[in-house]
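J.: If you read the protein sequences in the order shown, they are chains U and G. If you're matching positions, the first sequence starts at 1 in our numbering and goes up one per residue. If you're matching positions, the second sequence starts at 1 in our numbering and goes up one per residue.
Read the hints as simulated data drawn from the structure, not as lab findings. Note that the structure is a prediction, hence the values are computed from the model and not measured. Be aware that a few hints might be false.
You can't tell identical chains apart in this list, so a pair holds if it fits in one copy or across any two.
Said to hold, decoys possible - Here are the computed lysine to any residue pairs in the SDA-like style, where the Cα-Cα straight-line distance is at most 20 Å: (1) Lys412 with Arg372; (2) Lys413 with Thr387; (3) Lys421 with His174; (4) Lys40 with Arg63; (5) Lys200 with Asp265; (6) Lys412 with Pro448.
Chain residues, written in single-letter form:
2 protein chains.
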Amino acid sequence: MTQTAAVIGGGVIGGGWAARFALMGWDVQVFDPDPEAERKIGEVMAGAARALPMLYEAPMPRRGALRFCATPEEAVTGADYIQESVPERLELKQKVYAAIQAVAPDAVLASSTSGFKPSELQAGAVRPGQIVVAHPFNPVYLLPLVELVPGAAEPGVVERARSVLTGIGMFPLHVRAEIDAHIADRFLEAVWREALWLVKDGIATTEEIDNAIRYGFGLRWAQMGLFETYRVAGGEAGMRHFMAQFGPALQWPWTRLMDVPEFTDDLVELIAGQSDAQSGHLSIRALERLRDNNLVAILRALKGQNAAAGKLILDHDATLRRPLEDSLPLVTVRRIVPVDWTDVNGHMNEGRYGQVFSDASEELMFHVGADRDYIAAGNSYFTVETTIRYLAETLAGEEIEVETRVTLGEGKKLRLWHEMKRAADGTVLATCDQFMLHVSLETRRSCPPLAHVQDAVEQLARAHADG
Amino acid sequence: MTQTAAVIGGGVIGGGWAARFALMGWDVQVFDPDPEAERKIGEVMAGAARALPMLYEAPMPRRGALRFCATPEEAVTGADYIQESVPERLELKQKVYAAIQAVAPDAVLASSTSGFKPSELQAGAVRPGQIVVAHPFNPVYLLPLVELVPGAAEPGVVERARSVLTGIGMFPLHVRAEIDAHIADRFLEAVWREALWLVKDGIATTEEIDNAIRYGFGLRWAQMGLFETYRVAGGEAGMRHFMAQFGPALQWPWTRLMDVPEFTDDLVELIAGQSDAQSGHLSIRALERLRDNNLVAILRALKGQNAAAGKLILDHDATLRRPLEDSLPLVTVRRIVPVDWTDVNGHMNEGRYGQVFSDASEELMFHVGADRDYIAAGNSYFTVETTIRYLAETLAGEEIEVETRVTLGEGKKLRLWHEMKRAADGTVLATCDQFMLHVSLETRRSCPPLAHVQDAVEQLARAHADG
Numbered sequence: 001m002t003q004t005a006a007v008i009g010g011g012v013i014g015g016g017w018a019a020r021f022a023l024m025g026w027d028v029q030v031f032d033p034d035p036e037a038e039r040k041i042g043e044v045m046a047g048a049a050r051a052l053p054m055l056y057e058a059p060m061p062r063r064g065a066l067r068f069c070a071t072p073e074e075a076v077t078g079a080d081y082i083q084e085s086v087p088e089r090l091e092l093k094q095k096v097y098a099a100i101q102a103v104a105p106d107a108v109l110a111s112s113t114s115g116f117k118p119s120e121l122q123a124g125a126v127r128p129g130q131i132v133v134a135h136p137f138n139p140v141y142l143l144p145l146v147e148l149v150p151g152a153a154e155p156g157v158v159e160r161a162r163s164v165l166t167g168i169g170m171f172p173l174h175v176r177a178e179i180d181a182h183i184a185d186r187f188l189e190a191v192w193r194e195a196l197w198l199v200k201d202g203i204a205t206t207e208e209i210d211n212a213i214r215y216g217f218g219l220r221w222a223q224m225g226l227f228e229t230y231r232v233a234g235g236e237a238g239m240r241h242f243m244a245q246f247g248p249a250l251q252w253p254w255t256r257l258m259d260v261p262e263f264t265d266d267l268v269e270l271i272a273g274q275s276d277a278q279s280g281h282l283s284i285r286a287l288e289r290l291r292d293n294n295l296v297a298i299l300r301a302l303k304g305q306n307a308a309a310g311k312l313i314l315d316h317d318a319t320l321r322r323p324l325e326d327s328l329p330l331v332t333v334r335r336i337v338p339v340d341w342t343d344v345n346g347h348m349n350e351g352r353y354g355q356v357f358s359d360a361s362e363e364l365m366f367h368v369g370a371d372r373d374y375i376a377a378g379n380s381y382f383t384v385e386t387t388i389r390y391l392a393e394t395l396a397g398e399e400i401e402v403e404t405r406v407t408l409g410e411g412k413k414l415r416l417w418h419e420m421k422r423a424a425d426g427t428v429l430a431t432c433d434q435f436m437l438h439v440s441l442e443t444r445r446s447c448p449p450l451a452h453v454q455d456a457v458e459q460l461a462r463a464h465a466d467g
Numbered sequence: 001m002t003q004t005a006a007v008i009g010g011g012v013i014g015g016g017w018a019a020r021f022a023l024m025g026w027d028v029q030v031f032d033p034d035p036e037a038e039r040k041i042g043e044v045m046a047g048a049a050r051a052l053p054m055l056y057e058a059p060m061p062r063r064g065a066l067r068f069c070a071t072p073e074e075a076v077t078g079a080d081y082i083q084e085s086v087p088e089r090l091e092l093k094q095k096v097y098a099a100i101q102a103v104a105p106d107a108v109l110a111s112s113t114s115g116f117k118p119s120e121l122q123a124g125a126v127r128p129g130q131i132v133v134a135h136p137f138n139p140v141y142l143l144p145l146v147e148l149v150p151g152a153a154e155p156g157v158v159e160r161a162r163s164v165l166t167g168i169g170m171f172p173l174h175v176r177a178e179i180d181a182h183i184a185d186r187f188l189e190a191v192w193r194e195a196l197w198l199v200k201d202g203i204a205t206t207e208e209i210d211n212a213i214r215y216g217f218g219l220r221w222a223q224m225g226l227f228e229t230y231r232v233a234g235g236e237a238g239m240r241h242f243m244a245q246f247g248p249a250l251q252w253p254w255t256r257l258m259d260v261p262e263f264t265d266d267l268v269e270l271i272a273g274q275s276d277a278q279s280g281h282l283s284i285r286a287l288e289r290l291r292d293n294n295l296v297a298i299l300r301a302l303k304g305q306n307a308a309a310g311k312l313i314l315d316h317d318a319t320l321r322r323p324l325e326d327s328l329p330l331v332t333v334r335r336i337v338p339v340d341w342t343d344v345n346g347h348m349n350e351g352r353y354g355q356v357f358s359d360a361s362e363e364l365m366f367h368v369g370a371d372r373d374y375i376a377a378g379n380s381y382f383t384v385e386t387t388i389r390y391l392a393e394t395l396a397g398e399e400i401e402v403e404t405r406v407t408l409g410e411g412k413k414l415r416l417w418h419e420m421k422r423a424a425d426g427t428v429l430a431t432c433d434q435f436m437l438h439v440s441l442e443t444r445r446s447c448p449p450l451a452h453v454q455d456a457v458e459q460l461a462r463a464h465a466d467g
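Turn these sequences into a full structure, and let the hints steer you where they fit.
T.: Here it is as structure tokens:
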């Protein structure tokens, strides 16, 4: 049966919650007094509906219904779960809770607050144990983290909240002790304070600071956090060694934020012991390997988007390209199989064979003058049919080469024969018979190539027929 | 002509430099007094040689030679660029510089130091202007960031350093004013101090803190930094609105690190103005779209590695899967085309068509009982040949379905006919004729499937022949 979530308070956070619940199959009842709420949440929903399903290979649940309600009481009627994201004013939140709790005494009542501790929210409520903090991160529909802070919430409520949040694809981080700003925002606040100093003191601009983050430690933190990263950095000697090396810096003016804990043996043991419990089942070499695989995959993902550090690599990649040598056959690809190309069988996924041959034909296109400028001017070749024969397995890290022959080059028709080989021993791993048509990118219909490309294609076809 | 880099001081950082230079085609001369240096750098090089080339589609330059030298003087002889990564003791660094500068007066002399400002390194040197700080981030062979801090370095030296670092694929961030710990390490130190407090006070363990980072803001920071992220979070009202909302928090105990800048209108204007200069050419909606594309691509990359936030999504994905309905033909795939599947022509790359059909055949395998347990027990189907016909373009965000028929199911042979359709209007986008063989994963040779799989395949083949 479809479940119902109530979202009290729209905006960027409330809208993100509404979108995530609806896309995960929940009916959603929204209350927000803003007359623009429906339009604003509609925009968040449009972005979420585009992005969130892209994360999944499985079919998405049927999308739940989104209904806008005139009062908080109406919104929570029949709801299994209530997420409150009203402005950060305690008396406002408490007033809303009083109205809600009277109508929906059995639903989980979760607050998105970053500024209040659960004890503050629970104080004076008719049923304090119904209330729990579930603090998400923007964009709520993509980032899995949600800080679940129970305070005096009833265990049953906390357990139901955890189950609901996990069910909609989130990671509820149980925050055992209540503390101002919970956990993650404390780091964000520390970084924010340091960043304000750097800008104010004229050391760095906002753009320089963003680059210092996204080209460096930001990439590390997307996959390991602070402590596991440093455990790896410590090398074989591990966490105790790392701490011994960097402990003294606590006394140095490395940030403007100078209220520091005392660096005692007890503190080192506490942290090293926790780090052992967290990561001790893996050797440093194994952790390094995981880190590097993750970084390669993230950097390649960003490269595919031509964004952030991926743009740097794409630009650098262009400087490494050389025109194809005039060999017979042409060597169109020479590369390493990256870790993001393997599948459940442990070898290169068959789709990636197709991509390698697609890259080979793109190199050949560039070679005959159908390059980026040619494509930008509205001309290109599209593949009509490929037949790929899979002859041997290929593993991540192996060097491969593709040899390409033009077997037909007449008018708008282009047919290629590719052989993919393992560079180490020349074993043929796969072959591809590829038939392409020249197209106008304006009409999306086939048409003859421009004369210089046509000449180059025909010349290659003759040479390869003789060869 | 091959260029030569001298690496003075091995270890994790020096080894990372040596590997990056060598893999980018530079000859490298290393000095490190540690008798274990060659083994240690060899291990870093092995990791780097595996990972770094995976970032590139272009062929890598021919790898440079790595030579170990007995003295710093020998290592810098003939070097165009010198990278010093000796232990962080000022008198040691200055002693090394004195020896080096006498032998290599014209090379760029860059230091990996995080703890010293350039003025401290330059003080007392025979040619202070030869020395510059080039502070990298671990792993040096994958992360592009390097902080370039000139202090009193000569402009020509700084320019050459920038050119060399860009040439080996790094992003030299020009740090205009010298300051303790440069820029990025100030943030790392602030976060480290806050993290030590949280562990010491028993609020969170190292693992909980790592999860608070890598499932949340770490993902944001891998692609946008602090300020651009907050600009987007501010919504249409932008940076000034965001700052007005979070300014007051500077006075709240949201971190233990309480020495904060005064929150004045001037500071707001300074930061909002810089943010406009950085990102003002894009609307908030456009920035949101970029952010979401990047997050989807990063999360999918991590999903491919079954790591960090990607593991959460993979696990959640499994809960969304349902057995195939017993329709004729079978609907084996129903999904959205994600942003990481498009190519330079703006449509789904032909390799991804192959991947969709590969996924379709995997679903069919599961359907006939050749599931993960079956594969883990050493049996699987491998694809021998596919013929794909490309009938229409497909764009990111479109919903697609694959209908699959078993056209042959005899002994170890399995032949499938897939039709990929646009869900919105039923247009056939591509077809695939796929021939597979059952294999033993132990011998990597073909063999008959187990009886229950064989039965299911034959039954489907009969049903599909009739249908």
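J.: If a hint holds in the structure, say so; if it does not, say that too.
T.: Going down the list of hints, with the structure as the test:
no., hint, result
1, Lys412 with Arg372, "within (19 Å within a copy, 45 Å between copies)"
2, Lys413 with Thr387, "both (16 Å within a copy, 18 Å between copies)"
3, Lys421 with His174, "neither (51 Å within a copy, 43 Å between copies)"
4, Lys40 with Arg63, "within (19 Å within a copy, 54 Å between copies)"
5, Lys200 with Asp265, "between (37 Å within a copy, 12 Å between copies)"
6, Lys412 with Pro448, "within (4 Å within a copy, 45 Å between copies)"
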